Amino acid sequence: DAKTTQPPSMDCAEGRAANLPCNHSTISGNEYVYWYRQIHSQGPQYIIHGLKNNETNEMASLIITEDRKSSTLILPHATLRDTAVYYCIFRKGSNDYKLSFGAGTTVTVRA
Amino acid sequence: ETGVTQTPRHLVMGMTNKKSLKCEQHLGHNAMYWYKQSAKKPLELMFVYSLEERVENNSVPSRFSPECPNSSHLFLHLHTLQPEDSALYLCASSQDRRGGNYEQYFGPGTRLTVT
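So the protein sequences, as listed, match chains A and B.
Note that this note's numbering has the first sequence beginning at 1, numbered continuously upward.
Note that this note's numbering has the second sequence beginning at 1, numbered continuously upward.
Hints are computed from structural coordinates only; laboratory data are not their basis.
Careful, some of the hints might be misleading.
As the list claims (entries may be wrong) - When the alpha-carbon atoms are kept at most 25 Å apart in a straight line, the in silico DSS-like pairs for lysine-lysine are as follows:
| # | chain 1 | residue 1 | chain 2 | residue 2 |
| --- | --- | --- | --- | --- |
| 1 | A | K98 | A | K3 |
| 2 | A | K52 | B | K36 |
| 3 | B | K41 | B | K22 |
| 4 | A | K92 | B | K41 |
| 5 | A | K3 | B | K41 |
| 6 | A | K3 | B | K22 |
| 7 | A | K98 | B | K41 |
| 8 | A | K3 | B | K36 |
| 9 | A | K52 | A | K98 |
| 10 | A | K52 | A | K3 |
| 11 | A | K69 | A | K52 |
| 12 | A | K98 | B | K40 |
| 13 | B | K40 | A | K3 |
| 14 | B | K36 | A | K92 |
As the list claims (entries may be wrong) - Over 12 Å on every C-beta distance to chain A, these chain B residues come out as not near it, computed from the model:
| # | residue |
| --- | --- |
| 15 | L45 |
| 16 | N58 |
| 17 | R63 |
Values in this document were obtained by computation on a predicted structure and should not be read as measured data.
Ideal Cβ positions, reconstructed from N, Cα and C, are used throughout, including at glycine.
Same shape as in the complex, but just chain A (with noise of 0.2 Å):
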């Protein structure tokens, strides 16, 4: 599996955009970006993913580079019940069941 890089935490304040990178340098080209979250002591949460568009939906919006190296998560007013562990994950597109979370970034919205 393709390894990601993400930065252990960030603060973001309330109201404003909150820009989660992930470096993923190794990443082949039938693989996904996916975004989860995950909220103390709750089941991660799916976000988004992409494979080379960028993408938006209600929660969030994904960027990710020309050459597929790194990506960035939006979100575009943060708020405090958006603090959680972000997880920037990577999978094939068929029969690929496992979800390899690593660390995340812990993410605290202040107000």
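Go by the hints and put chain B onto chain A.
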């Protein structure tokens, strides 16, 4: 709001007890998963069922026994557990599209303590 429910949310059991964890998904998915999350460790995949057939078993000890009676329900039967089995047990579901990509939706987990 998650469409995956798990019961019980908390369980304390002795090493000689037998108990079962239950998971139910209301999303119309056809694949279900059990994960284990221990303190300070990454998520570990335990079992995968797709179309009610077990497709993955990641070297899990036999004291954990999964059961998938239909595509909406998944059980994890526990017997003679060890204290190191204390963890958060998470159930997830997804749509299994062969050759396609899919996201997994998780339940809230069962916090298990083995005494």
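A quick look at each hint next to the structure:
no.	hint	result
1	A:K98 - A:K3	14 Å, holds
2	A:K52 - B:K36	31 Å, violated
3	B:K41 - B:K22	23 Å, holds
4	A:K92 - B:K41	23 Å, holds
5	A:K3 - B:K41	16 Å, holds
6	A:K3 - B:K22	33 Å, violated
7	A:K98 - B:K41	16 Å, holds
8	A:K3 - B:K36	21 Å, holds
9	A:K52 - A:K98	21 Å, holds
10	A:K52 - A:K3	17 Å, holds
11	A:K69 - A:K52	11 Å, holds
12	A:K98 - B:K40	19 Å, holds
13	B:K40 - A:K3	19 Å, holds
14	B:K36 - A:K92	22 Å, holds
15	L45	5 Å, violated
16	N58	8 Å, violated
17	R63	22 Å, holds
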